[in-house]
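Novice: Below, each chain spelled out in residue letters.
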Amino acid sequence: MIQAPSLPQRLRRHFERWLFRIDRPESGPIRLQQRRIFVLPSGAGLAFAGALLVMLLASINYNLSLGYALTFLLGGIGVTGIVHAFRNLLHLEIRAARCEPVFCGQPARFALHLENRRGTPRPALRLSTDAGSTLLDLPSEDAAEAQLSRPTTRRGWLPLGRVIIETRYPLGLIRAWSIVQPDLRCLVYPAPETSPPPLPIGGQAVHGKCPPAAGDDDFAGLREHQRGDSPRHVAWKALARGAPLLTKQFAGQAGNEIALDWHSLPHTLPPEARLARLAAWLLAAHAQGRTFSLRLGTHSLPRGSGSRHLHDGLRLLALHGLSDEG
Amino acid sequence: MKAEARRTALWLLGAAALTVAPHALHLPAWLSALCAALLAIRGIGLWHPRARLPRLAVLVLALTGAVAVKLHFGHFFGKDPGIALLAALLCLKLMEGDSARDVRAAVLLCFFLQLGLFFYNQTMGIALLALGGTLLATVALLSLHLVAAPPAMQLRTGALLLGQALPFMLVLFILFPRVQGPLWGLPADAYSAVSGLSDSMSPGTISQLSLSDAIAFRAEFAGEPPPAAQRYWRGPVLNDFDGRSWRARRPALAGEPAYTPSGPTLAYRLTLEAHNPRWLLALDYADRGLSGVRYASDFQLLAEQPVRSRSRFDLRSRPDSLVGRQESTATLTAALALPATGNPRARALAAELAAGTDSPRAVLERTVAHFRGGAYAYTLSPQLLAGDSVDGFLFDSREGFCEHFASAFVFLMRAAGVPARVVTGYQGGQINPVDGVLVVRQSDAHAWAEVWLPGEGWQRVDPTAAAVPQRIEAGLGDAIRAGDPRPLLMRPQFSWLVQFRHRWEAISNHWNQWVLGYNPDRQRELLAGLGLAQADWRTLGVMMSAAAALLFAALLGWAYRQHRRQDPLDRAWAAFCRKSASRGLPRQPWEGPLDYGRRLVHAFPGQAAELERIAQQYAQLRYRGPAGRSDVRALSERIRRLKLR
Chain A
1 MIQAPSLPQR
11 LRRHFERWLF
21 RIDRPESGPI
31 RLQQRRIFVL
41 PSGAGLAFAG
51 ALLVMLLASI
61 NYNLSLGYAL
71 TFLLGGIGVT
81 GIVHAFRNLL
91 HLEIRAARCE
101 PVFCGQPARF
111 ALHLENRRGT
121 PRPALRLSTD
131 AGSTLLDLPS
141 EDAAEAQLSR
151 PTTRRGWLPL
161 GRVIIETRYP
171 LGLIRAWSIV
181 QPDLRCLVYP
191 APETSPPPLP
201 IGGQAVHGKC
211 PPAAGDDDFA
221 GLREHQRGDS
231 PRHVAWKALA
241 RGAPLLTKQF
251 AGQAGNEIAL
261 DWHSLPHTLP
271 PEARLARLAA
281 WLLAAHAQGR
291 TFSLRLGTHS
301 LPRGSGSRHL
311 HDGLRLLALH
321 GLSDEG
Chain B
1 MKAEARRTAL
11 WLLGAAALTV
21 APHALHLPAW
31 LSALCAALLA
41 IRGIGLWHPR
51 ARLPRLAVLV
61 LALTGAVAVK
71 LHFGHFFGKD
81 PGIALLAALL
91 CLKLMEGDSA
101 RDVRAAVLLC
111 FFLQLGLFFY
121 NQTMGIALLA
131 LGGTLLATVA
141 LLSLHLVAAP
151 PAMQLRTGAL
161 LLGQALPFML
171 VLFILFPRVQ
181 GPLWGLPADA
191 YSAVSGLSDS
201 MSPGTISQLS
211 LSDAIAFRAE
221 FAGEPPPAAQ
231 RYWRGPVLND
241 FDGRSWRARR
251 PALAGEPAYT
261 PSGPTLAYRL
271 TLEAHNPRWL
281 LALDYADRGL
291 SGVRYASDFQ
301 LLAEQPVRSR
311 SRFDLRSRPD
321 SLVGRQESTA
331 TLTAALALPA
341 TGNPRARALA
351 AELAAGTDSP
361 RAVLERTVAH
371 FRGGAYAYTL
381 SPQLLAGDSV
391 DGFLFDSREG
401 FCEHFASAFV
411 FLMRAAGVPA
421 RVVTGYQGGQ
431 INPVDGVLVV
441 RQSDAHAWAE
451 VWLPGEGWQR
461 VDPTAAAVPQ
471 RIEAGLGDAI
481 RAGDPRPLLM
491 RPQFSWLVQF
501 RHRWEAISNH
511 WNQWVLGYNP
521 DRQRELLAGL
531 GLAQADWRTL
541 GVMMSAAAAL
551 LFAALLGWAY
561 RQHRRQDPLD
571 RAWAAFCRKS
581 ASRGLPRQPW
591 EGPLDYGRRL
601 VHAFPGQAAE
611 LERIAQQYAQ
621 LRYRGPAGRS
631 DVRALSERIR
641 RLKLR
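Protein sequences appear in the order of chains A and B.
In terms of the working numbering, the first sequence is residues 1 to 326.
In terms of the working numbering, the second sequence is residues 1 to 645.
To be clear, the hints were calculated from the coordinates, so they are not data collected in a lab.
Glycine is no exception: its CB is placed at the ideal position from the N, C-alpha and C atoms.
Misleading hints may appear alongside valid ones.
Here are the simulated distance ranges between beta carbons [said to hold, decoys possible]: (1) A3/B <-> A143/A: 23 to 29 Å; (2) I179/A <-> A159/B: 31 to 37 Å; (3) P28/B <-> Q9/A: 55 to 61 Å; (4) G606/B <-> A287/A: 24 to 30 Å; (5) A3/B <-> T194/A: 55 to 61 Å; (6) R598/B <-> S140/A: 31 to 37 Å; (7) A238/A <-> H602/B: 31 to 37 Å; (8) L57/A <-> R640/B: 55 to 61 Å.
The list that follows gives simulated cross-link-like pairs (lysine to aspartate or glutamate, DMTMM-like), each with its CA atoms no further than 25 Å apart [said to hold, decoys possible]: (9) K579/B <-> E93/A; (10) K643/B <-> D570/B; (11) K643/B <-> D536/B; (12) K579/B <-> E193/A; (13) K579/B <-> D536/B; (14) K70/B <-> E4/B; (15) K2/B <-> E93/A; (16) K579/B <-> E26/A; (17) K70/B <-> D98/B; (18) K79/B <-> E273/B; (19) K643/B <-> E610/B; (20) K79/B <-> D98/B.
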């Protein structure tokens, strides 16, 4: 369950929205400008400042000229640290890279692409969401990918949300940070039912063991290659003749067609449970190499097979009854 | 232990060792040994995890250490026990763990201890050591965040931070409104004993002092320095004799001298090392109208406050002044007082010297002649004299140091009925050929006599000079009998060392004057030199903030500059992409130049040829070998002229 945010949390969110002027995900690469980088002393920095104050008082009290010098040198180091921390974030580019769909319950893994166009490295960058954080060093003139994961509790779109990118480089006395909201969301499929009834072959639930898919002997034709197709089915000969990458289709795969339909499920089953069962069946059908179609109220998926088809089906399930915006 | 954590631990260990090592000079020996052992265990423990102290042992050590410090010093409050506790704490902290928090705490302790070093010593060498310790401690902090970098890189980055902090340090050091401390009462041990004259003298006190090469003060003369034989720097005047020791009386103080200064003036600047009492060491006799000083009735010059730090005084002296012509009876009576008994042979000699004349001057001349012809030897290690020390010196051992001569002479004068007293101070000094500053060391400490003659006042008489003229003319080194112990640098075979020392001391003098002696007065002087005669703390604060803000802006500029160093070809292409983006067609991150060009051509068919050429040229320059500078310039010019319609 998601709890309603408490008042301080809400206030804080409002404040940050005003401060950072982010109210929706930012599309395109985000380049951290001076306006959105914030710098404040960390807890260690405050302790350091307190120590310097004590040292200054001691120097005054005992008239220690070199004491003044040491205190001021350390103060200078602290001030220099502000600029170093700021510089460590300045003009850093962040881009939404990708996010693979996951089943509900699995952590969603968001990949952010960080790019450093500068000739000096950017060490000790920490990216964090409210669910976790990751630490990375970015070498000079290089790019790196940061992985952020969030737990998933509901199907549908899960936006990455606000990401705090912060650094305590160089001495840990200063924290420089910025808040970004890259336009990256994760499609969360419904969690498949753990022990679903067997696949309904031909529209009917089949009891007993599923017959195995037919062999590879009945060549039915060629279709465009899709990611996930078995390399054994690639039309290598055609490829050698200069044709694009094609996949051989066999009659056997079309043999046991499955039509999955929302409405054919028992009406007593709650909607989420139905989605879970359909998800489990889609997975089972795909695992067995069957062709399947899916009807889901107004949306439907024509017959097909292959992993792309599977994901189209799961996507329909994930977004069922939700707006596409997430 | 992971390599990164070990690296941090090593930097920290280095910082701690560099910080604690110089403290060994004044820490109790057992504590120095404990610290060394702990640091060694820590070093070994980095490679052999078994060689670590268990937590309980650390705790027990900490508690015993605290108790031992209490037992050793007798109290906890004060700088000595404080520093001892901090040193123990730092070494124990290193045993505790490797977490970032532990490292930070240890680094703060290092900084405190580096400050603590300056309580004892503020020379350039110590400053360098502290700077090294600061660098290592900074690198230790840095290595927590610069984990993957090789050590050389960590050190370089630390040095960069320190280098960028130096201008801030200079600005703050010069402009921070200085306050003359102390702000509150200092603990009793704030000023540890320093060598120097004291307000009493017994056989052996000055000869002990004479073995020390430490600088007592420096004097910088406005004109030509007076010859060595006239350089008598007056310290405490000792009047009361108890048969063995001479003691000073508390003189009356006034804002003006008790005499009329006359004759030529010598102006000089005295830079006195900290010696704790109030007296200054002025050349006889101080002129009137000096600021920041008080005049004592025995012609000493005193500072307003005890001289607890190296201090500078601008003084003048009028050596030819006649002093004490109208001396009070009380003073003269005191200058005749002797113990009722003791030293019978000396009293007999005095009676002999005074026989047949009632002129004090004649008595004086006879006594001086006695010293001149008495075959007395000058030595730093005279025989110990028990009982009647004056008799023992005059008739038996016949060897002694200036205090023996002065003491015996004054005794004889008093016994003969002539008011006399002992004056201690310094005599001579050496001119540093490098900067022309006269340097007076503890080894120049001296004692002489002052005799009151009716109508003439107090007259300086140096019985040592009478017996051993070389002492005054050529200095101590030549006056001592060959084979006697003498200060190292007064040995002839070390003349090259003397040369080196002259140079070093000239530099040290600048360091003392401008770095260590930089106080509220010096700050005002400097600002007055800059045309800010009446700079109060507010002006200083504004100036300091402005200067710091400028430095900060310069640093920010440095932070930005790093980004502008872009390839001109990249810059040109970025300008092209910006132009197109402003027309609603930004380049997608995955789009190559040719693809992008094609898309733009679709959108702006009217400029197809130009767009295509730009995309193609860029692709060629970018991907086909090194780009010629003129080609790049031509392309960027083309892009600059492009107007998308």
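Novice: Each hint: holds or not?
Specialist: A quick look at each hint next to the structure:
| no. | hint | result |
| --- | --- | --- |
| 1 | A3/B <-> A143/A: 23 to 29 Å | holds (26 Å) |
| 2 | I179/A <-> A159/B: 31 to 37 Å | holds (33 Å) |
| 3 | P28/B <-> Q9/A: 55 to 61 Å | holds (56 Å) |
| 4 | G606/B <-> A287/A: 24 to 30 Å | violated (56 Å) |
| 5 | A3/B <-> T194/A: 55 to 61 Å | violated (45 Å) |
| 6 | R598/B <-> S140/A: 31 to 37 Å | holds (33 Å) |
| 7 | A238/A <-> H602/B: 31 to 37 Å | holds (33 Å) |
| 8 | L57/A <-> R640/B: 55 to 61 Å | holds (59 Å) |
| 9 | K579/B <-> E93/A | holds (20 Å) |
| 10 | K643/B <-> D570/B | holds (19 Å) |
| 11 | K643/B <-> D536/B | violated (60 Å) |
| 12 | K579/B <-> E193/A | violated (53 Å) |
| 13 | K579/B <-> D536/B | violated (55 Å) |
| 14 | K70/B <-> E4/B | violated (39 Å) |
| 15 | K2/B <-> E93/A | violated (32 Å) |
| 16 | K579/B <-> E26/A | holds (21 Å) |
| 17 | K70/B <-> D98/B | violated (29 Å) |
| 18 | K79/B <-> E273/B | holds (21 Å) |
| 19 | K643/B <-> E610/B | holds (10 Å) |
| 20 | K79/B <-> D98/B | violated (29 Å) |
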